[in-house]
Amino acid sequence: MALLNDEQVMLRDMAREWANNESPTTAFRKLRDAAPAKGFDAEAWTTIGQMGWSGIVIPEEFGGTAFGYLSLGLVVEQLGRNLAVSPLSSTAVAASAIVMGGSDKSKQEWLSKLAAGEAVATLAIDEGPVHGGAITASVSGGKLTGTKKFVAEGDGADVFVVAAADGLYLVPAGEGVSVASRKMVDNRSHADVTFTNAPAEKLGGTDLTQAIVDRATAVTTAEMLGMADSAFNQTLDYLKQRVQFGQVLSTFQALQHRMAKMKTELELMRSAVEGALEAIDAGRSDVDQAVSLAKAVANDTLRLVSREMVQLYGGVGMTDEYDAGLYLKRSAVLENMWGTASYHRDRFARLNGY
Amino acid sequence: MATAAELDRSADSADGFRQEARAWLEANFPLSLRGKDNAMSAVDGPTDETPDQKAWREAMGAKGWGVPTWPKEYGGGGLTREQARLLGEEMMRIGAWNPIGGMGVMMFGPTLLEYGNEQQKQQHIPGIVKGEVRWCQGYSEPGAGSDLASLQTFAEDKGDHYIVNGQKTWTSGGQWADKCFALVRTDKTQKHAGISFLLIDMDAEGVETRPIKLISGASPFCETFFSNVKVPKENLVGREGQGWEIGTRLLQHERNSLSGGGGSQGRMNQGEQIPSIAKKYRELDESGKLADSDLRTRIIKHEMDQRAFALTLRRAALEAKGNAGPSAATSVMKNVGARITQDRAELAIEIMGMQGLGWEGEGFSQEEIAQTRTWLWGKAVSIYGGSSEIQNNVIAKRILGMLDHQ
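Chains F and B are the protein sequences, given in the same order.
Heads up: the first sequence at position 9 corresponds to 9 in UniProt numbering, and the numbers run straight through without jumps.
Heads up: the second sequence at position 159 corresponds to 159 in UniProt numbering, and the numbers run straight through without jumps.
Heads up, some of the hints might be wrong.
[Said to hold, decoys possible] Some chain F residues well away from chain B (every beta-carbon gap over 10 Å; in silico):
hint, residue
1, 32
2, 46
3, 52
4, 61
5, 283
6, 318
[To be verified] These stretches of chain F come out as covered by chain B in the derived footprint (C-beta under 8 Å, 3 or more residues):
hint, region
7, 134-142
8, 204-217
9, 230-241
10, 246-259
11, 293-303
To be clear, the hints were calculated from the coordinates, so they are not data collected in a lab.
Here the structure is a predicted model, which is why all the values come from computation and not from measurement.
Even for Gly, the Cβ is constructed at its ideal location relative to N, Cα and C.
Using the sequences and the hints, build the whole thing.
Listed below in structure tokens is the structure:
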């Protein structure tokens, strides 16, 4: 755990408590069965807004707290532990884009609402199934045209932060915007969003696009950290109570060493994730490297832990009744979101000149 | 966990200490020694000190800053962890290095400060602080490696002294050491509870050392034989039978220093960075990437591993503020540190091909020979100080609470 200030400690504990009391994995299962059109529970989102979490990276003058990305990551990590569903990550990072490049009018129009959890925002960046491909969406006369694939929280977004070939744009839902939901293995909101001459305000050039994608990536690794830590601890608890050959499984050295190995990787993952969030808050010039390090390590570690969770639970790990499969499925989606491990390893090396 | 508010309060005094440290270092560190750390003498054996080296060791010894956080009453620096960190930064800034080292500093000193009586601390700590007395470790035996508690070296009670008989092995620097801290058996009827922690003079009659030649060509370890060695009772640390507890605590200090928690991080990994070696020995494609894409991927994984480890050491240091000494988490660090050291060495020689496998003579640069030797020596790091398998046992049992067979 990074060195936290008093607000951060409070924030983390509050988020952990809320996730445990109000949003355990049973809440995710209920939502999965109810399948609301927007992809999230409106009541829970309102509560998140009231608790101020959606305003953590929004300045105080617009109703936020400006605590920063490490703080946002702490909250997202706690929610990730229980697979809590909300448009918090996408809204917060999209709000950052408005803070960094929006006109006064857009800031007035959107930031207070986003900080209060009264509106949902999201990023629309990728145009194919793999992050890092060409961006061809284009803008002419203030109108944006192009199709974005697998937009997280696309079903419920009130406003989109959209990457075009020449930079980043703000596009409200409505005129010229059509949303086609995609049913994915993690049962979260993902949608293909088609923009046809949609009114767009320019937020910045491709540098801003990259800065915002890096922020989204870092926040995603925080969710992955919460998931990995929780999946690991659930597996550990299971090994301590499941009896075979007259012994609890946790007494078998082969399993002890697999758990020790995972614990070791988890320590490295936490350092890399917190390092990326701290780099953003500190405005460091090597945020790109820190983020690629975090995502590559997070991908490898969460993949290891989520796959081992199924294996070590054994047969019941294959059943829908147990949670192992839920972690496995969300993990696979997040491994792809904002770049695979190999994408980030290649980027890290290029940034380092080899 | 320290809060930011607590740190703010200490910021003013920290600034003052930084100035003090900077002034003292500038007055005392001989610039001729800049960057010429002789810390590897633990492996290569002691070399004759130059006048500047001697002066620097004596200055740091008198100031106590070679062991900055040890108590002043025994000659230590008496600094807080934060001040010690600032001192380290100031030393790095001017290329100064710590001339006070070895097992006395890394392992025995911290343990004696915890478990020794007043007379023992007064007698032994100042010699370590000044870098005048070399200590070696008498733990492993031919039949007691990972299963250390099965050790057989016996100290027979003769009233006011013990008579010690037995054989130790893997005694690092035994041939150059003045004194040995040893685990010996004082009771043959109990396994762990029959072990005691005893201090033995290496020049006492009946002590013999034989260097062991390693695959790297160096001989940093000895076999040590004790034949009817007389050891006064005042050299017993703690109680009879408390040796296992004390010895285990000492191993935590050892892991802490081996993993880099003690500030020695990177010593094994010093030198040219792997990507830079690769660019020198291997082809690049037209976009400037290493042409061997499989090798490139493995280099990146290693570099990321190393970066994440450095962040973890930093995080552990921040979290350790106010905590008492190293914990079982040092086992996590030791295993990652060993993995990174060995991966680095394997990558270095793989990149260089046959040129990375030279033993000596014409046709190989000094750096190339050093890479070969470092690679071979590096195989020890996942074995000594408790093998990686033993560390995994520690992680599973002490951190994760996974129990033994009942």
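Hint numbers not upheld by this structure, sorted from lowest to highest: Violated: hints 7 and 8.
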